[in-house]
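Asker: The residues making up each chain are set out below.
Number of protein chains: 4
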Amino acid sequence: METGDLVLLISPKGKRYMYKFDPEGEIHTNDGKILMADVGEAGFGRQAKTHLGRPYLVLKPTLHDLIKGVKRQTQIMYPKEIGYLLLKLGIGPGCTVIESGTGSGGLTTALAWYVGDTGRVITYERREDFYKLAGKNLRRVGLDHRVTQVNKNIEDGFDHSGADALFLDVRTPWQYIRHIPAAVNPGAMCGFLLPTTNQVSELLHALEDAGFEDLEVMEILVRHWKPVPDRLRPDDRMVAHTGFLVFARCMQPLPDEEPQADEPPVEEPVAEEPAGEEPEGEESGAAESGE
Amino acid sequence: METGDLVLLISPKGKRYMYKFDPEGEIHTNDGKILMADVGEAGFGRQAKTHLGRPYLVLKPTLHDLIKGVKRQTQIMYPKEIGYLLLKLGIGPGCTVIESGTGSGGLTTALAWYVGDTGRVITYERREDFYKLAGKNLRRVGLDHRVTQVNKNIEDGFDHSGADALFLDVRTPWQYIRHIPAAVNPGAMCGFLLPTTNQVSELLHALEDAGFEDLEVMEILVRHWKPVPDRLRPDDRMVAHTGFLVFARCMQPLPDEEPQADEPPVEEPVAEEPAGEEPEGEESGAAESGE
Amino acid sequence: METGDLVLLISPKGKRYMYKFDPEGEIHTNDGKILMADVGEAGFGRQAKTHLGRPYLVLKPTLHDLIKGVKRQTQIMYPKEIGYLLLKLGIGPGCTVIESGTGSGGLTTALAWYVGDTGRVITYERREDFYKLAGKNLRRVGLDHRVTQVNKNIEDGFDHSGADALFLDVRTPWQYIRHIPAAVNPGAMCGFLLPTTNQVSELLHALEDAGFEDLEVMEILVRHWKPVPDRLRPDDRMVAHTGFLVFARCMQPLPDEEPQADEPPVEEPVAEEPAGEEPEGEESGAAESGE
Amino acid sequence: METGDLVLLISPKGKRYMYKFDPEGEIHTNDGKILMADVGEAGFGRQAKTHLGRPYLVLKPTLHDLIKGVKRQTQIMYPKEIGYLLLKLGIGPGCTVIESGTGSGGLTTALAWYVGDTGRVITYERREDFYKLAGKNLRRVGLDHRVTQVNKNIEDGFDHSGADALFLDVRTPWQYIRHIPAAVNPGAMCGFLLPTTNQVSELLHALEDAGFEDLEVMEILVRHWKPVPDRLRPDDRMVAHTGFLVFARCMQPLPDEEPQADEPPVEEPVAEEPAGEEPEGEESGAAESGE
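Residue numbers (this note's numbering), protein chains in the order written: chain A, 1 to 291; chain B, 292 to 582; chain C, 583 to 873; chain D, 874 to 1164.
Source of the hints: derived by calculation from the structure; they are not laboratory data.
None of these values were measured; they are calculated from a predicted model.
Every residue gets a Cβ at the ideal spot worked out from N, C-alpha and C, and that includes glycine.
One should not assume that every hint holds.
Stated by the list, open to error - Listed next, the stretches of chain A that the computed footprint assigns to chain D, with coverage defined by at least 3 CB atoms under 8 Å from CB atoms of chain D:
hint, stretch
1, 195-201
2, 228-236
What the hints assert, rightly or not - A partial selection of chain B residues facing chain D, derived with a Cβ cut-off under 10 Å:
hint, residue
3, Ile318
4, Thr488
5, Ser492
Unchecked claim - Only some residues are given here: those of chain D computed to face chain A with a beta carbon under 10 Å:
hint, residue
6, Lys1009
7, Glu1092
8, Leu1105
9, Arg1110
Please build the complete structure, drawing on both the sequences and the hints.
Answerer: What follows is the structure in structure tokens.
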């Protein structure tokens, strides 16, 4: 374990703490004091004891831990949505992705993690306080070198172009749809997160009018179970709603083309789903039977 | 668009087809014949018409499309589980991850995508037919150079060590738990997918006995909505179950240590959940209130 | 078993058939012919064999079976919604309840069952074909004597008054809200079923404007599990959506009263839910933490 | 409003209080004092003001309110499960139903409500404190005359026979299965509520061994939405689990009959569900596609 490495400590009660390793440091917990030197000596995958003898797990944080550990002034996106949109947007090593707003930088952290050193995350945030907080969070986890932070409102468009994908987590995304074609590659997958159905309806109208295709709307639910083998049951309560995910492809309109809003593909999946057939027979699974 | 590039075509009815681009080729669909030359001329983000004049969307497949397009002889994992486990396991550029069984290679494809050229996926499959099918699927999407395929049963253990993470999608994972510590780094996150609650109970017992920590069990549900702005509603039917995800950290036992099965952390999250409080106050959000 | 009694037969494959008992009759199934005489001789709780020797369960249908067995030309309400609204509306022996539209009479059947011989169901249906079908369904299960069927559009209001409760399963319920106060007792609970979020928003506006109180919106999901003890798991697919249930109390406006739309109670539950506290401390559990 | 009538009061913040009406009485709330005389003068469907001028809704409680208002020393069943099991068990006016354990009497209250004055609820509870509490709750809502309370353990069987339906909400129902045939009519529907999957597996084994048929397992989820028309969205959190409902028919074994456990019907629905086809085509909808 080297100075500056991030360390995740988990208490006997399951509380989680994340720190940068400093052999001189010490941590004060409800279970007593832990010397960082002891943590370093124990090493990852072992336990360090507080001065009261309580064992703390010493672990290397995964991306899930990093996202949960983000210092937040805003509601951050949940791993359940982040994991899914990564696949839908096709984020991976070498990708360039545009995001707005940055917020506390939870999604930015995940995007930066996956684009790798050969990729790039460009993130727009109009509020300076969030812009600075996100920068702090990115430096803390050592991913800031993969991110271009822009402290600017996107109402006048994006400064960048040729992105492989784009994600908007803003209150009125329909106001910025017109700026997307100039910012992304033709056909790029674009994603959106919205809390209310009224917003989803307004966004879908805007996407149809702008000729976006292959529209999808979904919500993702995670139900945790109590990990007790002889009394296995779900937790009593769960998060019932964070937001609706919307995805669409940004198309290049053809000169001779009829208005997109009349095109069938947007409507078709509606008819298909009830049948609930498996995608086996097809060359590629229809997205709506995809999970 | 270059020869060999993967192209996703979406029909007016929303059916999805994936092909390797070949300017000489032609495709026969229910809507008529499409010349690959026309597809290439249209380019990504535009439409190519069949000889009957039906417009097909021409798109670059995202990872989600690649996974759904996997030729399968087995039930493949769904993006909803794959996206989530990537974050939990902390898979990213440069990672080394061990997987078994390979099956049709759906998860293998996703892992190979995310570890990048600097990472490595080592995947074990005892059945030769699946082993070969997965190889074919990986070559098709151009990710085979990041994968080490092993056509072998893991009952005698893994040939590799020092993996950053491990995932088992096998019928009786509890039989192989004892081989995991030798295959992964201390404290590595391990994941499992199981369809029945009986299997989950048996696995949890084995993980406790083997001293694994920070056990979690969850299920992920995706509910698709009809993307019709003026008649917004969920689809009539949904996938209700694919499997339960189980995660745990592989610990290094201390010589003086009491049996792990008696340790509190496994039980604690049970008590915490009902309270349903937000993780804001903590150094890092408790996983179970994390989604 | 007496002539005219309803009998439920369940095949070895789990298919369900409902008939009126007639000792002379015979039934032709995929498993062969069954003589009603044999069914009568076996009696409820036993098995009758087809001429091919296949055993069919002979059972007395429960209300759930009667509802599922309704001959339908319309989508009928599902037991999951019916059971819940019965409690919310307080339907029971002696109640008078108004319903519209009748549709195929699925809900009407349930309401008639529960109001008993001392209660009354008044059901409005403008389409004559549905009106007749529902009548046929009610006579079939012997509940028609508890029901007053009205073949009439409710746009001009209801002919009846003093109902204990009212339920509307119509496409544009907001158009009829103004007629409700004259039809029900002061404070009566009113229920609505709507498939889309757009309709729910429009109804909520109308209810607020008309001074209805204690508004609630919810959806009910039933997840079936495979009843296999050693391989216990949920079914692969489930019904993801039938409709949203909306409930509200029909208030009598006070002369001096400020416009209802500004009243807090409608908004309050919004703030309360996230806390997720149990209702124990209260004199009566708040409905929204009630399930 | 007459002395002794139950009155539900709802505060501006949505808190719910239930009282027996007494014109002399007064209520002390966080919003100030309310005179019962004012409540009576206002009448149902109107508002009564506290001495601080805060308006409280004056309503007649529905069964849902009565159940939620039960004074509890135990976890009471939720309306979502109660409403559904009423239909499954076919509880209605004139029915005789056996229940155990009584607990705080939440389900007993609902059963007593629905069987009417011509029906009967027989409820067993071994703990005297619960037995007394439930009696108090039943008298409070005026339904005790329809209930026979038995303060006795059911390990030696039931004192009653010929019940139309039976419901067990006990920790180890499999221990009492053998006593059910003597207590109910042939083919009677029996229901069970269990919190863990381990218990469900054990119960299913016992039911198969005892020759019960038409086994079903399900869980019911209610998701509440914020009733805000212009910002329509689900509540942030929900109850994720109360228990699993199990239903089965109590059959009369034939002398010549092969062991029930080998019979196909129990297994069949497993195969059927994935197809997810609508029940339209059948004489009666298959239960598992029924919601």
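Asker: Now, for every hint given, state plainly whether the structure supports it.
Answerer: Status of the hints after comparison with the structure:
A count of 4 residues in the stretch 195-201 of chain A with a Cβ less than 8 Å from any Cβ of chain D is obtained; the coverage claim is therefore met, three being the minimum. Proximity of the stretch 228-236 of chain A to chain D, defined as three or more residues with a beta carbon under 8 Å from a beta carbon of that chain, is established by the 7 residues found. About 30 Å separates the beta-carbon of Ile318(B) from the nearest beta-carbon of chain D, more than 10 Å, and the hint is not met. Against a cut-off of 10 Å between C-beta atoms, the interface hint on Thr488(B) holds, since the closest Cβ of chain D lies about 4 Å away.
Using the Cβ-Cβ criterion of 10 Å, the hint placing Ser492(B) at the interface with chain D is satisfied: the shortest such distance is roughly 7 Å. Hint on Lys1009(D) is violated. Least Cβ distance to chain A is approximately 27 Å, over the 10 Å limit. For the restraint placing Glu1092(D) at the interface with chain A, the shortest Cβ-Cβ distance is roughly 8 Å, inside the 10 Å limit, so the hint holds. Given the 10 Å rule on beta carbons, the hint for Leu1105(D) holds: about 5 Å separates it from the nearest Cβ of chain A.
For Arg1110(D), the interface hint holds, the least distance from its beta-carbon to any beta-carbon of chain A being 5 Å, beneath 10 Å.
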